[in-house]
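Asks: As a plain string of letters, each chain reads:
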Amino acid sequence: MTYLVLAYTFAVVVLGGYLVWSLRRLRELERPER
Amino acid sequence: MNRYEKAAGGAVALMLLAAGAIFLYAPGDYLHGPVQRIFYLHVSSAITAFGCFAVVLIGGIVYLRNESPSADRIARAGALVGVVFTTVTLVMGMLWAKPVWGAYWVWDARLTSTLVLWIIYAGYLLVRRLAEPGRQSARFAAVVGIFGFADVPVVYFSVSWWNTHHPGPLIINNALPPEMLATFLFTMLCTLVLAGVMIGVRYRIETLLDGRHGVTERAHVVASRRPEASPEPVP
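In order, the protein sequence lines correspond to chains A and B. End of the first sequence = 18 in our numbering, gap-free, step of one. End of the second sequence = 240 in our numbering, gap-free, step of one.
The following block holds chain A by itself, in its conformation from the complex (with noise of 0.2 Å):
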């Protein structure tokens, strides 16, 4: 049960902090320059 438990907490940290960062970074980029 512990490496299940493990295994989607890794899931979704990787994958849901990589959209998370992405998004951020649209947002960032789409800002217009000052």
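The set of hints was computed from the structure by calculation and includes no laboratory data. Careful, some of the hints might be misleading.
[Unchecked claim] Pairwise CB distance ranges, derived in the manner of DEER restraints: (1) A/P16 - B/L131: 30 to 36 Å; (2) B/L36 - A/F(-6): 22 to 28 Å; (3) B/K11 - A/P16: 18 to 24 Å; (4) B/V159 - A/W5: 26 to 32 Å; (5) A/W5 - B/D113: 20 to 26 Å; (6) A/G1 - B/G128: 57 to 63 Å; (7) A/M(-15) - B/L69: 46 to 52 Å; (8) A/V(-3) - B/G38: 53 to 59 Å; (9) B/L36 - A/T(-14): 14 to 20 Å; (10) A/G1 - B/M6: 18 to 24 Å; (11) B/D113 - A/F(-6): 17 to 23 Å.
Here the structure is a predicted model, which means the values were calculated and not measured. C-beta atoms are modelled at their ideal positions from N, C-alpha and C, and glycine is treated no differently.
Given chain A, work out where chain B should sit, using these hints.
Replies: Just chain B, lined up with the frame of chain A:
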């Protein structure tokens, strides 16, 4: 909220439904116990990574044919998302292997060829990051992306070509009960949608970054028509 964030929200909602199917609908496995539920996302991530690397392959071929920066951008996006999914595949596989095989890692053909796949595309990304953005690095990366794809069939057929610890293809061999198969196919679909959204977001980021570096469709066409851009300079 822009359209990319809305698409990401939809993909996350689908992944939550897939999690519901994995933990609440799919029956338990009497041999491996609860840890067998790693299978659904582990295999889906692997197949999704293959799909992402196919995007790199197609983007590379199109780029070498017509030098379209859009094709190069889609290849870059596919490589990054493919490496993310290969990382998930490898680590989830290791966490499944430990209770079942007694070791996180064995140097069998499937695991080794998957690690090589990860190294090829991580190297591709590293080269793209270190090289000056432009025609030369894009051409070089396209060639690496095309030849790197040769490892995908090696990973897929490794369990048939060599004796491995890793089990053979369960889906093709009809080895899954209908509830497990339905859960797997649904998870697979949701993972592909998530990867599609990730590639779309990354493509947009690459377009904006190229705009800042002056790499646009028009600038690329002009650069490729300059005399110094041709392989044989005209005397």
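Asks: Of all the hints numbered above, which does this structure not satisfy? Sort the numbers upward.
Replies: 5, 6, 8
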